[in-house]
Structure formats: C-alpha cells, structure tokens
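Using the sequences plus the hints, can you model the full thing?
For the sequence shown, UniProt numbering begins at 1 and goes up steadily by one.
A portion of the hints provided could be inaccurate.
As the list claims (entries may be wrong) - Simulated crosslink set (DMTMM-like; lysine to aspartate or glutamate; CA at most 25 Å straight-line):
no.	residue 1	residue 2
1	Lys115	Asp128
2	Lys75	Glu100
3	Lys9	Glu50
4	Lys115	Glu49
5	Lys2	Asp128
6	Lys66	Asp16
7	Lys129	Asp113
8	Lys93	Asp40
9	Lys9	Glu100
10	Lys9	Glu36
11	Lys93	Asp71
12	Lys2	Glu49
13	Lys66	Glu100
14	Lys2	Glu31
15	Lys93	Glu14
16	Lys116	Glu49
17	Lys93	Asp16
18	Lys2	Glu108
19	Lys65	Glu31
20	Lys115	Glu14
21	Lys2	Glu100
22	Lys75	Glu50
23	Lys75	Glu14
24	Lys66	Glu50
25	Lys46	Glu31
26	Lys2	Glu36
As the list claims (entries may be wrong) - What follows is a set of in silico ranges between Cβ atoms, one per label pair, in the way DEER data are often shown:
no.	residue 1	residue 2	range
27	Lys129	Pro27	21 to 29 Å
28	Val86	Tyr12	38 to 46 Å
29	Glu49	Pro27	14 to 22 Å
30	Gln98	Ala124	38 to 46 Å
31	Phe70	Asp91	33 to 41 Å
32	Gln17	Lys46	34 to 42 Å
33	Ser82	Asp40	13 to 21 Å
34	Phe7	Arg118	32 to 40 Å
35	Thr85	Gly52	12 to 20 Å
For the record, the hints were derived by calculation from the structure and aren't laboratory data. By construction, the Cβ of each residue, glycine as well, lies at the ideal position given by its N, Cα and C atoms.
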Amino acid sequence: MKTHNSFIKVRYAETDQMGVVHHGNYPQYLEIARLEWLNDLGISYKSMEESGVFLPVYSLSITYKKSAQFDDLLKVTVSLRSLPTVRIIFDYKIYNQQNELLTTASTELIFMDAKKNRPMRCPAYILDKLQD
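Structure follows, in structure tokens:
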C-alpha cells in the first residue's frame, strides 16, 4: 500500500527535564504524518471536511521501543494497511536520524457523514487515488 515519510524535528517543549519526548506527543506526530500522507495523494483534509466527510480516530495503539530526544530529526513512516471501507487503518514507524526504530503505532479511523453523524463508506475519490 501507499507509504509516505514525514520528518519532524523534536522541539524542547515536547520533552521532559531529561530531554526525552513525553509520550503524549506521539499522537501528534502520527497525525502530522497521516495528514501529509493524504496531502501527498492530493487529498486535502480541509476540503474533505468541507464536503461533509469527517475522519475521527477510533483506536490508537503505540509501542515505545526507545526514547526520542530533544533536537532529534524523526522520520515517521506511515502506510495504509489495506484499502479502506468504512474504516481506514494506518501503520507507523518512527526512526531517529541514526535510523534506529523508536516507536511503532497504528491508528484506525472511521469515515463519518458530518450531516448525519453516522459512519459512511470511504468516498470514491479517495479509493480512486489509492488505486492509481
């Protein structure tokens, strides 16, 4: 499936006194990578929401293998697990600049019809871009 690499510089405010990234920052790193993945496909998250499609996170799983540190340049690799239906599942790997695997994660999001506030199938225009 389609894969994308995002690069994120760890800011001082994201760390504790030991210079270690606080675990609560990782979901933001995943979101940055996921939105860049969509953008790389030519899908604007803002336009998707304006057209009435929301994509809330249903589940999040993170495994911390090694700590990221202040000033690290992280590479967040995001890939699609399978073609989406009502759900879309992403897998992530986060590496430091020495290419050490720091974190693995996955998120499951649900396509929601904003007007009906109900789950819906993945829009055809997204499926078309994934099958190119």
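Hint check results:
1. Lys115 x Asp128: Holds. Lysine 115 to aspartate 128 sits at ~24 Å (cutoff 25 Å).
2. Lys75 x Glu100: holds, 10 Å
3. Lys9 x Glu50: At roughly 30 Å apart (the allowed maximum being 25 Å), glutamate 50 and lysine 9 break the hint.
4. Lys115 x Glu49: Roughly 11 Å between the alpha carbons, so the hint for lysine 115 and glutamate 49 holds.
5. Lys2 x Asp128: Judged against 25 Å, a Cα distance of about 13 Å means the pair holds.
6. Lys66 x Asp16: Satisfied, since the Cα-Cα distance of roughly 15 Å is no more than 25 Å.
7. Lys129 x Asp113: holds, 20 Å
8. Lys93 x Asp40: holds, 18 Å
9. Lys9 x Glu100: holds, 15 Å
10. Lys9 x Glu36: With a Cα-Cα distance of about 15 Å, the restraint between lysine 9 and glutamate 36 holds, given a limit of 25 Å.
11. Lys93 x Asp71: holds, 18 Å
12. Lys2 x Glu49: holds, 22 Å
13. Lys66 x Glu100: holds, 8 Å
14. Lys2 x Glu31: holds, 16 Å
15. Lys93 x Glu14: Holds: lysine 93 and glutamate 14 sit about 19 Å apart, inside 25 Å.
16. Lys116 x Glu49: holds, 13 Å
17. Lys93 x Asp16: With Cα atoms ~22 Å apart, lysine 93 and aspartate 16 stay inside 25 Å; holds.
18. Lys2 x Glu108: holds, 16 Å
19. Lys65 x Glu31: holds, 19 Å
20. Lys115 x Glu14: violated, 36 Å
21. Lys2 x Glu100: holds, 22 Å
22. Lys75 x Glu50: violated, 30 Å
23. Lys75 x Glu14: holds, 16 Å
24. Lys66 x Glu50: Roughly 39 Å between the alpha carbons, so the hint for lysine 66 and glutamate 50 is violated.
25. Lys46 x Glu31: Distance ~14 Å between lysine 46 and glutamate 31 Cα, so the pair holds.
26. Lys2 x Glu36: Between lysine 2 and glutamate 36 the Cα gap is close to 12 Å, so the pair holds against 25 Å.
27. Lys129 x Pro27: 21 to 29 Å: For lysine 129 and proline 27 the Cβ distance comes to about 25 Å; the hint holds.
28. Val86 x Tyr12: 38 to 46 Å: Roughly 40 Å apart at Cβ, these two residues keep to the hinted range, so it holds.
29. Glu49 x Pro27: 14 to 22 Å: holds, 19 Å
30. Gln98 x Ala124: 38 to 46 Å: holds, 42 Å
31. Phe70 x Asp91: 33 to 41 Å: With a Cβ separation near 26 Å, phenylalanine 70 and aspartate 91 fall outside 33 to 41 Å, so the hint is violated.
32. Gln17 x Lys46: 34 to 42 Å: Since glutamine 17 and lysine 46 have Cβ atoms about 37 Å apart, the given range 34 to 42 Å holds.
33. Ser82 x Asp40: 13 to 21 Å: Roughly 18 Å apart at Cβ, these two residues keep to the hinted range, so it holds.
34. Phe7 x Arg118: 32 to 40 Å: holds, 37 Å
35. Thr85 x Gly52: 12 to 20 Å: holds, 18 Å
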